[in-house]
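Student: Could you put the whole structure together from the sequences, leaning on the hints where they help?
Residue-level listing of the chains:
There are 2 protein chains.
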Amino acid sequence: MAPSFVINGGDLTAASTKSSTGGRASSVYSEVQTSRIDYALPLPSVLTSPFKIVDGPASSAAGNPDGIANLFPNLFGQPSTILVPTDGEHALDSGRKLKIGVVLSGGQAPGGHNVISGIFDYLQAHAKGSTVYGFRGGPADIMKCKYVELTPDYIRPYRNQGGFDMICSGRDKIETPEQFKQAEETAVKLDLDGLVVIGGDDSNTNGCLLAENFRSKNLKARVIGCPKTIDGDLKCKEVPTSFGFDTDCKIYAEMIGNVMIDARSTGKYYHFVRLMGRAASHITLECALQTHPNITIIGEEVQQLIAELNEILAHEVVDEAGLWKKKLAEQSLQLFDFLPQAIQEQLMLERDPHGNVQVAKIETEKMLIQMVETELEKRKLEGSYKGQFKGQSHFFGYEGRCGLPTNFDSMYCYALGYAAAVLLHSGKTGLISSVGNLGAPVSEWTVGGTALTSLMDVERRHGKNKPVIKKAMVELDGAPFKKFASMRDEWALKNRYISPGPIQFMGPGADDVNHTLLLELGLVAA
Amino acid sequence: MAPSFVINGGDLTAASTKSSTGGRASSVYSEVQTSRIDYALPLPSVLTSPFKIVDGPASSAAGNPDGIANLFPNLFGQPSTILVPTDGEHALDSGRKLKIGVVLSGGQAPGGHNVISGIFDYLQAHAKGSTVYGFRGGPADIMKCKYVELTPDYIRPYRNQGGFDMICSGRDKIETPEQFKQAEETAVKLDLDGLVVIGGDDSNTNGCLLAENFRSKNLKARVIGCPKTIDGDLKCKEVPTSFGFDTDCKIYAEMIGNVMIDARSTGKYYHFVRLMGRAASHITLECALQTHPNITIIGEEVQQLIAELNEILAHEVVDEAGLWKKKLAEQSLQLFDFLPQAIQEQLMLERDPHGNVQVAKIETEKMLIQMVETELEKRKLEGSYKGQFKGQSHFFGYEGRCGLPTNFDSMYCYALGYAAAVLLHSGKTGLISSVGNLGAPVSEWTVGGTALTSLMDVERRHGKNKPVIKKAMVELDGAPFKKFASMRDEWALKNRYISPGPIQFMGPGADDVNHTLLLELGLVAA
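Residue numbers (our numbering), protein chains in the order written: chain U, 1 to 526; chain B, 1 to 526.
Note that these hints are calculated values from the structure, not bench results.
Remember, it's a predicted structure, so these values are computed and weren't measured experimentally.
Check before you lean on any hint, since a few could be wrong.
Since the list gives no way to pick out one identical chain from another, each pair is judged satisfied if it fits inside one copy or across any two copies.
[Unchecked claim] Keeping only pairs whose Cα atoms sit at most 25 Å apart, straight-line, the calculated DSS-like set for lysine-lysine is:
(1) Lys146 - Lys494
(2) Lys366 - Lys390
(3) Lys390 - Lys268
(4) Lys268 - Lys144
(5) Lys390 - Lys173
(6) Lys173 - Lys470
(7) Lys144 - Lys386
(8) Lys146 - Lys217
(9) Lys268 - Lys146
(10) Lys268 - Lys173
(11) Lys144 - Lys99
(12) Lys378 - Lys390
(13) Lys470 - Lys237
(14) Lys181 - Lys146
Tutor: Written out as structure tokens, the structure reads:
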């Protein structure tokens, strides 16, 4: 029998599998984990000496400003802000103690713990006597007022460590009037000055709705967001990347590089690799730039079918006779009918809580192998193919999103957390923590906050107008894709594999930043 | 559509996928790959100053010495040998030029390239003007006399790199009289003084048969083996570990550790992990010692069923009516019938070239999830279970065996190669390169060769008497298993997860050796 493991985060003696999540006090650490705890994190120099907070001009929205103004009457139009060094007095009153809540929302991304330690360390340094509450288990625990008070000893074992287990995470949203009411009650009960929401596009949108709601009720609690997602689809000029993307791409690229060497050593298999992620293909594109595979499918080039299926499944009855298929565009219908039945069924699987296809569950890599097999079988019968084809499928996902954060993600997250605390300390709300100039040494990074409403558009979801932060998809005229497109023909026919190797924390490569960011910042020629 | 890759080692413009394997001259390297090329490899001090070669007493066999003596009339009983520092003259004539062939046999294991560079560097240093031929594509290319002459420039890009692509590998054996004849012709044609066979238990057995054959024909060519296998099942007192095991366990353990943090962060899934490997569970045991999962299945505890199936499938007709099942022991039959049909079918899959179940293809992790689901469903109906169970399956395999070798595997392989060249230089044959005292600093490692016949027993395979090097299975009274057994009850009920993190080449943890080796050497308390 092939050896196997069973792993579960919960305490198996307890009824609930969530009961023992969180808390590393009793953990045994590996040597690398231990060494990372004391990894010294540099800060942008603007954060280490007196600064003032400079507001920009009034902001608008990414789309439909009237709609966004309607949804955020108190926050719409507020300026983004940036920290500027000053010779004069420090802008913020270090005598003022703050009570801050922090929540992790959505899937894990390496670096989340460092955002929290950044918040904590800022308050320790500049608002001594402040309190940080960690809401355990995501936004649901804001509503339930379930929290842990963070202390230096509690935080210490999580410094520069992967995972979200310091306070865990959850996927609930605060949406209904009752839920907003519960959140208000928690804010009042804990006398919160502020809340930091660490999450992706939906979570930051939700955080902004909470900020709007608190403001409308004249609560003192402010809300600041932080850009988290391994998918890399929450970014804009002011927020050049979301944390976790750097680490995850490097973990996946190591494995892809290893599989490439394997292929080169045997010539026996064609390897088909699928990577975790939703609609945006940033991870795939970055891994391609790091490793140079023969063929790379960028979803943005071929996603029409899924978009149509989403629409249909949200609004139509999927009848056995297949009448629903008439709603598909002809090209999409052809593609759908071309797919093996198993894949068709996967495409019709239940939707995730956002009404989207659960793309991580579509085994594209197996579908492609089947399609190639079918085609080659046909060619064999025709006499035009005599070779042998053996496909080997891979899915790289869960093994990445809780990896030890790279030096970059460790530093970036720490600065994001520090910045979020500064913004709350200065009374800002409805901003997303924004750290920029990331191609430069950390000392030169810029620090500020971007008005969340300025990133938003209005979308119809489940038949209602909803504010959304538009997902940053791979832009087919952007520098990373253009770089890829300029090389892929050569990669297809000649093997130009690169094997990035394991993430290093010291020595060569340890401080490298991912290709996507360097290309988007214009620091590498496209 | 979820993004995907296609990767294949072959040149896609060529008809054969093997045509462009090997050759990194045109490769682009990552920063870490580049830095590894110049990683300075220390040697055991006995290899860096004058030594003499001291033979031990006459050897016997691991079992059935008469049978082994029959199969190896020329080699049986020859002593193992060890290098000893001497104040006097160096034992070997540095004026003598050698022609040495080298072949990689079987699945890839990190460090293979370093064995070759070790052989090469020894000859450059101590037998200037020697020639090294790399047989491309495994033992088949010895028979075909297909080779590449290795040069410093050819070897350089592979130093301390993963994979076997310098000369590729193959799974053929040299078995029939015709095949031995072809190998002899190659030895004569190339005027070989020696051949190094880098492989697992079967490959080393085959190498020893070749040594016996060359000796019986009075060819000058000697044959030396090297212990390669990620599975860790080729080891004995004199050969404390096979190369690749250290690296692979660390790669898998990193991923397992990451999944554990994931589990701890969400409490949503039970993760079931299967690891690459055949019958022996050394990888699983080592990964368990590194990461502390809740439940670990060590195959040696439950392998009776597969052993019986192997026997049946080799000798019986598997009839549809299931009469063949009567050959199973009652306990095994119960287990077989208990298994879901899909798993039963996998167990009956075609055998690999050695007639064994292709265990890597049995999706144990999915089987276990199904079995737990079935049991919990039953308990739900009975009212004794009210929880929710979500299994998530993982298979970690191909992404490990071509990883960048750890510092340990890099150094160990280099010493193994150096030792193999010394043994050939001194005219030895039928030995396996043996580097010991591995818990000490490299300078104190011992170097020698162990008589391959002394590791052998006779087994019936396909109805014939065959010499075999007995696979080293996990010993249930050995130190690594006892250590595991002493802790697993605690791991089962309380989470004691450890996350080893990515392999480091510099800094903390970079020179650590795996637990199995340390425990077997008695350097860590069991």
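Student: Checking an output row: Lys470 and Lys237, CA cutoff 25 Å. Within, between, both or neither?
Tutor: Answer is within; shortest intra-copy Cα gap is 13 Å, inter-copy 63 Å.
Student: Between the shortest in-copy and the shortest cross-copy C-alpha distance, which are at most 25 Å for Lys181 and Lys146: within, between, both, or neither?
Tutor: within (15 Å within a copy, 77 Å between copies)
Student: When no copy is specified for Lys390 and Lys268, does a C-alpha distance of 25 Å or less occur within a copy, between copies, both, or neither?
Tutor: Within one copy, since 7 Å is at most 25 Å while 35 Å is not.
Student: With identical chains treated as interchangeable, where does the CA-CA distance between Lys366 and Lys390 reach 25 Å or less: within a copy, between copies, both, or neither?
Tutor: both (12 Å within a copy, 22 Å between copies)
Student: Since the copies are identical, ignore which copy is meant and state whether Lys268 and Lys146 lie within 25 Å (CA to CA) inside a copy, between copies, both or neither.
Tutor: Cα proximity of Lys268 and Lys146: across copies only (19 Å, versus 54 Å in one copy).
Student: From the Cα coordinates, with 25 Å as the cut-off, is the pair Lys144 and Lys99 best called within, between, both, or neither?
Tutor: within (18 Å within a copy, 77 Å between copies)
Student: Given identical chains, is Lys268 near Lys173, meaning Cα to Cα at most 25 Å, within a copy, between copies, both, or neither?
Tutor: between (48 Å within a copy, 17 Å between copies)
Student: Can you tell me if Lys144 and Lys386 fall within 25 Å by alpha carbon in one copy, between copies, both or neither?
Tutor: between (65 Å within a copy, 23 Å between copies)
Student: With identical chains, the pair Lys378 and Lys390 could be close in the same copy or across copies; at 25 Å between alpha carbons, which is it: within, between, both, or neither?
Tutor: For Lys378 and Lys390, only the intra-copy Cα distance (16 Å) is at most 25 Å; the inter-copy one is 39 Å.
Student: One pair to classify: Lys146 and Lys494, alpha carbons no more than 25 Å apart. Within, between, both, or neither?
Tutor: Answer is between: at 23 Å across copies they meet the 25 Å cutoff, but 56 Å inside does not.
Student: Between Lys390 and Lys173, at a C-alpha cutoff of 25 Å, which is it: within one copy, between copies, both, or neither?
Tutor: between (45 Å within a copy, 22 Å between copies)
Student: Could you figure out if Lys268 and Lys144 sit no more than 25 Å apart (CA to CA) within one copy, between two copies, both or neither?
Tutor: Between copies only: 19 Å across chains, 55 Å inside a chain, cut-off 25 Å.
Going down the numbered hints, you'll see the structure goes against none, and every one checks out.
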